[in-house]
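K.L.:
Chains A and B are the protein sequences, given in the same order.
Per my numbering, residue 8 is the first one in the first sequence, and the count goes up by one each step.
Per my numbering, residue 149 is the first one in the second sequence, and the count goes up by one each step.
No lab work stands behind these hints: they were computed from the structure.
The structure displayed is predicted, hence computed values, not measured ones.
Using N, Cα and C, we set each Cβ at its ideal position, and we do this for glycine too.
Incorrect hints may have been included.
Capping the alpha-carbon separation at 30 Å, the derived lysine-lysine pairs in DSBU-like fashion look like this [to be verified]:
1) A:Lys16 <-> B:Lys197
2) A:Lys51 <-> B:Lys253
3) A:Lys74 <-> B:Lys253
4) B:Lys225 <-> A:Lys47
5) A:Lys78 <-> B:Lys225
6) B:Lys216 <-> A:Lys26
7) B:Lys225 <-> B:Lys200
8) A:Lys59 <-> A:Lys26
9) A:Lys78 <-> B:Lys204
10) A:Lys74 <-> A:Lys47
11) A:Lys16 <-> B:Lys253
12) A:Lys29 <-> A:Lys59
13) B:Lys216 <-> B:Lys197
14) A:Lys51 <-> B:Lys216
15) A:Lys59 <-> B:Lys216
16) A:Lys74 <-> B:Lys204
17) B:Lys204 <-> A:Lys26
18) A:Lys43 <-> B:Lys197
19) A:Lys26 <-> B:Lys197
20) A:Lys51 <-> B:Lys197
21) B:Lys200 <-> A:Lys16
22) A:Lys48 <-> B:Lys216
23) B:Lys200 <-> A:Lys29
24) B:Lys208 <-> A:Lys16
25) B:Lys204 <-> A:Lys48
26) A:Lys59 <-> B:Lys225
27) B:Lys200 <-> A:Lys43
28) B:Lys253 <-> A:Lys29
29) B:Lys216 <-> A:Lys78
30) A:Lys74 <-> B:Lys216
31) A:Lys59 <-> A:Lys43
32) A:Lys16 <-> B:Lys216
33) B:Lys225 <-> A:Lys74
34) B:Lys253 <-> B:Lys225
35) B:Lys208 <-> A:Lys59
36) B:Lys204 <-> A:Lys29
37) A:Lys51 <-> A:Lys74
For each label pair, taking beta carbons as the anchor points, the in silico distance ranges come out as [to be verified]:
38) B:Gly189 <-> A:Lys51: 17 to 25 Å
39) A:Pro76 <-> B:Phe166: 29 to 37 Å
40) B:Gly177 <-> A:Thr14: 23 to 31 Å
Letter by letter, the chains look like this.
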Amino acid sequence: DTAVSQTPKYLVTQMGNDKSIKCEQNLGHDTMYWYKQDSKKFLKIMFSYNNKELIINETVPNRFSPKSPDKAHLNLHINSLELGDSAVYFCASSLRTSGTQETQYFGPGTRLLVL
Amino acid sequence: GNSVTQMEGPVTLSEEAFLTINCTYTATGYPSLFWYVQYPGEGLQLLLKATKADDKGSNKGFEATYRKETTSFHLEKGSVQVSDSAVYFCALSRRAGNTPLVFGKGTRLSVIA
Chain A
8 DTAVSQTPKY
18 LVTQMGNDKS
28 IKCEQNLGHD
38 TMYWYKQDSK
48 KFLKIMFSYN
58 NKELIINETV
68 PNRFSPKSPD
78 KAHLNLHINS
88 LELGDSAVYF
98 CASSLRTSGT
108 QETQYFGPGT
118 RLLVL
Chain B
149 GNSVTQMEGP
159 VTLSEEAFLT
169 INCTYTATGY
179 PSLFWYVQYP
189 GEGLQLLLKA
199 TKADDKGSNK
209 GFEATYRKET
219 TSFHLEKGSV
229 QVSDSAVYFC
239 ALSRRAGNTP
249 LVFGKGTRLS
259 VIA
């Protein structure tokens with residue numbers, strides 16, 4: 008059984024389009040994340056949600072809007088796509104506990120290419 | 149702020165060679181430390197972790213020891229295999245609750261037969 012799944016795996020689109028990436032976890036975790044991996048493989052946090060509530064929003068353009076319909080899902084909608092948005096986007100989840108850093112489990116990634 | 153510095157790659161080794169990938173960190177307080185591995189075309193998998201000073205994480209023959217005095221968490225393996233070829237990421241996270249990981253830039257390892 009897949010623990011953290013993302014769809015689509017590949018996404019090729021034109022500049023200016025709007026697209027969504029979906030993430031689902033079946034681990035019963037409370038906290039979910041979106042990370043961006045650029046062409047040089049550098050990984051950086053974008054958003055973090057806990058129980059459907061946004062808790063971290065790094066300096067990401069407001070063209071990016073995460074949505075969490077329930078604690079098992081965290082989707083990422085991107086408006087007016089730009090060339091620089093081309094990257095691999097990883098979803099992750101972890102079990103929320105206080106005072107302890109739980110392991111984060113990553114999805115397989117969505118490879119976005121903006122032409 | 150928190151940051152992680154890894155040795156630059158790529159690293160190319162022959163099978164059965166000894167591997168060290170250096171990782172040092174800057175953090176306030178006492179972070180948890182992680183090594184993640186990304187095989188070609190796949191997502192990240194946790195390789196090992198350590199949550200306090202002098203802890204040793206180990207998995208699949210890889211080891212790393214949390215060294216507070218040198219703020220390091222170097223990854224080692226005694227005898228690498230071709231199947232170990234991947235990108236390795238050192239990461240840290242604050243220990244207070246679930247916080248995002250701060251990653252190093254990754255080190256690509258290629259093992260040749």
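K.L.:
What hints, given by number in increasing order, does this structure fail?
P.N.:
5, 6, 9, 15, 16, 17, 19, 21, 23, 26, 29, 30, 32, 33, 35, 36, 39, 40
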